[in-house]
Amino acid sequence: MTSYRRQTELIEIHPSRRITAPNLPNGAFMYRTLVLAALAGMVAAGPALAAGASCSTAPKSQFKPKATLEAQLTGEGLTVRQIKVEKGCYEVYAVDKAGKKVNLAYNAETLEKLDNAEAGEN
Amino acid sequence: MPKPAKTDRNVSAAADAQPSPEMVRVWDRVVRSFHWALVLSFVTAWLTSHSSEDIHHWAGFAAAGLVAMRLLWGVLGTPYARFSQFVRDPATVLRYLLALLSGREARYIGHNPAGGAMVVVLIAAMGSTALTGWLMTTDAYFGVSWVEAAHSLAAHGLLVLVLFHIGGVALASFRHRENLVRAMITGRKRAAEPADIA
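Top line first, the protein sequences correspond to chains P and Z. Sequential numbering of the first sequence, starting at 1, is according to our numbering. Sequential numbering of the second sequence, starting at 1, is according to our numbering.
Among the hints, a few may not be true.
Subject to a maximum C-alpha distance of 25 Å in a straight line, what follows is the list of computed DMTMM-like cross-link-like pairs (lysine to aspartate or glutamate) [as the list claims (entries may be wrong)]: (1) LYS113(P) / GLU86(P); (2) LYS66(P) / ASP139(Z); (3) LYS60(P) / GLU109(P); (4) LYS97(P) / GLU105(Z); (5) LYS100(P) / ASP139(Z).
Not close to chain Z: a few residues of chain P, all C-beta gaps over 10 Å, as computed [stated by the list, open to error]: (6) TYR31; (7) LEU39; (8) ALA58; (9) LYS60; (10) GLN62; (11) LYS64; (12) GLU76; (13) VAL85; (14) ALA94; (15) LYS100.
Beta-carbon label-pair distances, calculated as ranges [unchecked claim]: (16) LYS84(P) / PHE164(Z): 41 to 51 Å; (17) ALA98(P) / VAL75(Z): 37 to 47 Å; (18) LEU135(Z) / GLY77(P): 18 to 28 Å; (19) ALA91(Z) / GLY77(P): 52 to 62 Å.
Hints listed in this document are in silico derivations from the structure and should not be mistaken for laboratory results. Positions of the beta carbon are idealized from the N, C-alpha and C atoms, including for glycine.
So that you can see chain P by itself, here it is in the shape it has in the complex:
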């Protein structure tokens, strides 16, 4: 772990070494490191965080029946027109009570709703 000496002290100890980092006071140096670590963490975790639930990777025998999902959605007031299977997801084509189209995607195994309705296609 880097010594949190002030930049000016480091120059005196190693005068031959070129300091390329900006001349920051102690607190700012620590803050910068924390920000970088947080960003790195976010980049690594990003894809997982963005998707929320995702499509099933299990074989079709593990899927819940389409009828179960349809009944659930009808109960919620939707008119289900089609349910397609797309790579481990059920893609729902429906209209709501107001007649507006609704496009949803559900994990075919757990019937968990996905944030992105186009998840199965890309």
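Given the coordinates of chain P, work out where chain Z should sit on it, guided by the hints.
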């Protein structure tokens, strides 16, 4: 055109050299830009049909707009752009196709009868594909199976037509010794010879 023999080089150009063929303007800027923009939107739509929905929709709307523009231009445009110039009755088209089979078809400066028929069918297919595609985005027809099936059928039919169109262009280019693809870029073709139909 065959190159003059080496010994002819010293003789005056007027007497012995082959004159370059006279070129005439056939396809105007509207026709040419419409054609290639439509090619681009068709290819884009095809490549994004199961992936990027937004780009697919954009390409479909672009194609529909282009077709609408061409329909207008077919009435108001330059001579060779007008439907009245190149859309011929079925009997003429059939006669042309039979002549094609025996290698005796004439060279046309504008669209030949088969080409004219192809334009009509392509516009109809392109229009149907765009229309059914658009219907799929409406509340009334979203997720309705027969609309999806119609869209798929129209799109695949269109692909078959496009392949025939490319084949026809290649055949005519070969038969009449001209580059018709380049003609659709520059707009110019070799002027009519006595047997050609201007």
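Next on the checklist: Need the list of violated hint numbers for this structure, in ascending order.
Outcome noted: 4, 14, 15 and 16
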